[in-house]
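Engineer: Quick note, the sequences are listed as chains A and B, same order.
Its first residue numbered 121, the first sequence is counted upward by one per residue in my numbering.
Its first residue numbered 16, the second sequence is counted upward by one per residue in my numbering.
The set of hints was computed from the structure by calculation and includes no laboratory data.
It cannot be assumed that every hint is accurate.
Just a few of them, taken from the derived set where beta-carbon distance is under 10 Å, the chain A residues facing chain B [stated by the list, open to error]:
(1) D121
(2) V124
(3) Q126
(4) S130
(5) F150
(6) L154
(7) P164
(8) K188
(9) A190
(10) K191
(11) G223
Please read these numbers as outputs of a predicted model, since none were measured by experiment.
From the three backbone atoms N, C-alpha and C, an ideal C-beta is built for every residue, glycine too.
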Amino acid sequence: DQQVKQNSPSLSVQEGRISILNCDYTNSMFDYFLWYKKYPAEGPTFLISISSIKDKNEDGRFTVFLNKSAKHLSLHIVPSQPGDSAVYFCAASGGSNYKLTFGKGTLLTVNP
Amino acid sequence: GAGVSQSPSNKVTEKGKDVELRCDPISGHTALYWYRQSLGQGLEFLIYFQGNSAPDKSGLPSDRFSAERTGGSVSTLTIQRTQQEDSAVYLCASSLVGTSNQPQHFGDGTRLSIL
């Protein structure tokens with residue numbers, strides 16, 4: 121039973137445009153959500169997080185939106201750059217459970 | 016400052032051999048986690064350390080897997096009598112404390128291949 125789902129295995133966008141990566145979750149105990157970026161042969165790099173008491177968190181070109189009623193979060197990258205091309209993982213944790221539950225990732229390709 | 020360091024970066028071994036994977040967390044981080052990523056899968060939790068104790072070993076797939084942490088710092092993950100299904104990238108992460116609202120910071124992993 122996959123508790124964190126990223127339904128798009130890949131996404132391709134033009135440089136300068138907006139990239140929107142989506143993530144759905146099923147466990148209502150999750151209260152902290154994170155996005156990680158991963159290049160080949162490297163470990164995941166923490167990008168941005170959001171607590172369930174917020175519905176938006178922004179850091180430079182990256183914004184995460186949380187819709188608790190829909191159990192859905194999204195990562196917006198504006199403007200997208202070729203260096204953003206990587207696999208993006210959504211992760212969640214909650215309650216007394218510190219362990220992260222990950223989605224399977226979305227490969228983002230930003231074309232020059 | 017140094018990030019999470021893992022060694023070796025790659026390990027190829029024959030089925031049935033034992034392997035040891037090492038993780039050096041970020042200095043001052045009390046919480047340490049092991050995950051693995053098998054081909055085409057997301058990251059799967061293995062074990063969590065708070066200090067030297069492991070309150071959550073629920074993700075270890077079999078009793079061939081064990082881990083320890085000494086001095087509240089370095090951790091080793093040991094796989095005994097390796098099987099081909101153990102082939103994966105083993106990732107270590109650390110966080111300041113072991114609570115659900117702390118981001119975990121990952122090393123680059125050990126790519127384990129069992130022949």
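Engineer: Hints first: check each against the structure and report whether it holds.
Structural biologist: Tested hints:
no.	hint	verdict
1	D121	13 Å, violated
2	V124	8 Å, holds
3	Q126	8 Å, holds
4	S130	13 Å, violated
5	F150	9 Å, holds
6	L154	6 Å, holds
7	P164	5 Å, holds
8	K188	16 Å, violated
9	A190	21 Å, violated
10	K191	17 Å, violated
11	G223	6 Å, holds
The structure is inconsistent with the numbered hints 1, 4, 8, 9 and 10, although it conforms to all the rest.
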